[in-house]
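Could you put together the complete structure from these sequences and hints?
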Amino acid sequence: MTIALPWLMALPAAGALGVMALGRWPNLRDGLSVVTALLLFAAACSWLGPVLDGARPAVTLIPILPGLSLSLALEPLGLLFALVASGLWIVTAIYAIGYMRGNDEHNQTRFFACFALALAAAMGIALAGNLLTLFLFYEMLTLSTYPLVAHKGNDDARAGGRTYLGVLLTTSIGLLLPAIILTWVVAGTLDFTPGGILQGHIAPAAAAGLFALYLFGTGKAALMPFHRWLPAAMVAPTPVSALLHAVAVVKAGVFAVLKITVYVFGIDFAAAGDFTTPMMWVAAFTILAASVVALTRDNLKARLAYSTIGQLAYIVLGATLANGMAIAGGATHIVMHAFGKITLFFCAGAIYTAVHRTRVSELDGLGRVMPFTMGAFLVASLSIIGLPPLGGAWSKWALMVGAADAGQLLMIAVLAISSLLNIVYLLDIPARAFFRPGTDLPAGRQEAPLACVVPLCVTAAGSVVLFFVGGHILQLLAPVTGS
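Residue numbering for the sequence shown follows the UniProt record's numbering, starting at 1 and increasing by one per position.
In case anyone wonders, no lab produced these hints; they're calculated from the structure. Note that the structure is predicted; figures quoted are calculated from it, not measured. A few of these clues could be false.
Here are the computed distance ranges between Cβ atoms for each label pair [to be verified]:
hint : residue 1 : residue 2 : range
1    : M20       : T60       : 29 to 35 Å
2    : G23       : L427      : 40 to 46 Å
3    : P371      : I64       : 54 to 60 Å
The C-beta atom is built at its ideal place from N, Cα and C for all residues, glycine as well.
Right, dumping it as structure tokens:
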């Protein structure tokens, strides 16, 4: 039994209303958050079989002009994003309960309500049937997550929130919206169409400029120089960082890049026109520059933020290589990075909750105090580096094969160098925790509350399981990529 597409957005929106109504009863409020996440994931899973069998359901919500409407449509790439976002919402909701209570955070009702609204917006992005619908839900996601970024309400939080909102709204209104309008003028439609809508309507030179507008305009993809919002947002509570980096926000950005590449430009037109090369080099620079900056950051969340910027650029690189295997690698990396990076942020939050440490230099010896947390950190780090038998090996392999198919051997070198830098800035942390003597550490084990530790162990285990189901992800994506 499948759930009607609008319900995939209505469920978390209704959950947000319920959370607000139950604000006086924290146990009921938090329980509703988890139940809503479970229902949303079940609703998304109900479409897996039909989509694998070739179903492509579509719904028109509001007609606006002839040939233009707010509409929903489900295809394999959108379903993959919906499954990742809704599935990880479950563990994030449980983790957030332990973190928010363990740190006695204020305004918890507003926090959980905005969290649910953000997931409703993410579902709208996953199901968008055209560029207009995508843009509206993209902006809704920005606005619904602003109160989460500025949650603490102090000067740093307000400054981080202003940077977050300023960069994302400036890029979307100043670059993404003009790109959408130009597409309407040139092609006469904004519908996501297999094979694209621009071929035969625009010259390759003009397409290069339009492609750059889309990629820079999708600020949530955090391509340099429009990346500052991501480190600035680290002032938020750790569950928000997990939402930003793994569940919804940045993944919405790179998902939009892939969807626009496949369904607006078209893989064949992008490959034949060779107009994606300039942005390929921007992605390559972002990968290496972000990795180098991560090496210099002692603050744990800041190091992970710059790591995310580099990892997102992997996905953008997959789009710019413009062939089926590279697109498949980019889409697969959405999943693999989501599980790995959410684990790392869960671990950072657990460390803060248990021993109130935020700097890498303060983590010496912590593995003997928090073995489950630091063990999960090690597993997730190895997945992001791309070592088997962990999920990240699949996506990096597919991206390298895609680079070879495109004749871009330098991009293979970029991916390899980046992986080496990943080793340095990520494995340094568990190495300190397990092999260096600590100072001023609690006697015996002192893990964070169970509601924090269980989710990070589950997502770390997920990084292992994904290695064995990577072929099934590629099978789901095959109608999109042709690979």
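Query - Violations among the numbered hints - result: No hint contradicted; all consistent.
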